[in-house]
Amino acid sequence: MKAAQAKAGRRSMSISRLTWINVAKDLRLEWRSRDVLNSMLFFSLLVVVIFSFAFSPTAEESRRMVGGLVWTAFLFSTIMALNQSWARELRNGVLDAYRVSPAPAEALFFGKCLGNFILVMLLECLMAPLFVVFYNLSSVGPLWQLAVIAVLGTWALVVNGTFFAAMSIRTRNRELMLPLLLLPISIPAVVAMVTATTDVLTGDFSPMSQIKFLAGYCVIFTTACFLLFQTVLNAE
Amino acid sequence: MRSRIFFVLLMITLGLLGWGTYQALVVAPPEATMGDAQRIFYYHVPAATAASILFWCNFAASLWYLWKRSPVADAMAVTGAEVGVVFFSVVLISGPIWARYAWGTFWVWDARLTTSLILWLLYVSYLVLRNSSEVGSTSVLAASLAVFAALDMPIVYMSNRWFRTSHPQPMIGTPNLNPEMQKVLLWNMLAFCLFALMIAWFRYELERISQKINHLHIQKAAHGSMAMALPLMFFFADDKLLREKMVQHHYMVAGYVAVWTIYIGYLLFLMRKLARLKKEEAELRAG
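Line by line, the protein sequences are chains A and B. Start counting at 1 in the first sequence, then tack on 234, and there's your number in the numbering used here. Start counting at 1 in the second sequence, then tack on 5, and there's your number in the numbering used here.
These aren't lab readings, by the way, just hints derived from the structure by calculation. Heads up, some of the hints might be wrong.
Just a few of them, taken from the derived set where beta-carbon distance is under 8 Å, the chain A residues facing chain B [stated by the list, open to error]:
#1 R404
#2 M411
#3 A458
From the three backbone atoms N, C-alpha and C, an ideal C-beta is built for every residue, glycine too.
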């Protein structure tokens, strides 16, 4: 009787609720250990410092190069976070548990994506003042465009990244595989993010075509990830 | 029966390759400004055509695999990607050799070149994934990646559409191409597409054997051949000292040597693999 009730209760659980449970679990784990966020922050900080030593740019030069720099730093720290997020589940056998549970795999995927997205956005918010200070930055174009680019760009990285991280933990050399798979697929998005950021910072061109392109990229790849995630999770 | 068809087709292909090479090197008129160096065009373009056909086969076979989980589809997918990467390596090596003469530099970050490089990277990463994933999940993971790779290509082209390209535009059927050159190009295209088909067939049979003895062992196709052909690029650093005609001729020879090194290297690689698989099969049956 009790089991039947529990089963009914599980069935009635909506995807949004399951997703939220996943996000909350990930964020709670991260809050308790702070492994990922700390290493991401420290890594981005190192990138900022090393690049400013390597190039020592003037304010005008830094406007042109900081778009590429920011996204390189975020891209590589995102890869760090993504590797961790699935490795944890593998260690504790959560993936096998998920395979036998009736909960839809999409909820797990969406939860992971959202969790990583929140982490990376947090990192970006914390790092943005540092970039401004170290590179003596001031934007010529409107700031709200930068926010839109950050949201779309981060989502583009995170959604593909979460998918390919799930794929790469199935391989022998786990952490090494993720950049090999993710970077070629992400090149068009990275080009669009960098170009759009540079366009806003220098104010030379309108970034709108790049922003539209990024939005299209997000829609296409989010759809593809959702359609194929179940297959990848259950691949045997 | 099957092997007889294979043999006949192989003879036709070899004949056509010889005829095409003769046409390209002897019959085709020399180009007005680039002379002999332009003859690289006669296998650069056919290799690109063959490679794109093979990549489409990889996509179609991957979808088929995801739908039906048939090992035949899996063998076709790996064939398409691996042979495609080999042909595309030919494109990426013969192109820069020509460009060194025509533009004075091996590489520019032109839209067409960039997209080609990304395409090549995507399929190399596909082969790397196949090579290193756990036995059993390889085919499914690889098929999913193939779908992403095929989705990425139109997007890459879109993202590059606002760049001006210095790569020559497609010329078949336009008045820009000398009709005699076009004829030679079409002969070569036929020859190289057949050649690709033959190699693909060979590779497919290999994959089926390897599936049958349950010993998937896919290796990166481009790795070895790239390493062999790369030193050739640095061979022509001080061409200013030589006479122009000789220089053009050297570029042509370098292009041909590089390309055939890749093709023959890949074939030798397949032969060795076949010998190894046969031995393994014999051992398994004897034991």
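Outcome of the hint check:
1. R404: holds (5 Å)
2. M411: holds (6 Å)
3. A458: Where the cut-off is 8 Å and the nearest Cβ of chain B is about 6 Å from A:A458, the hint holds.
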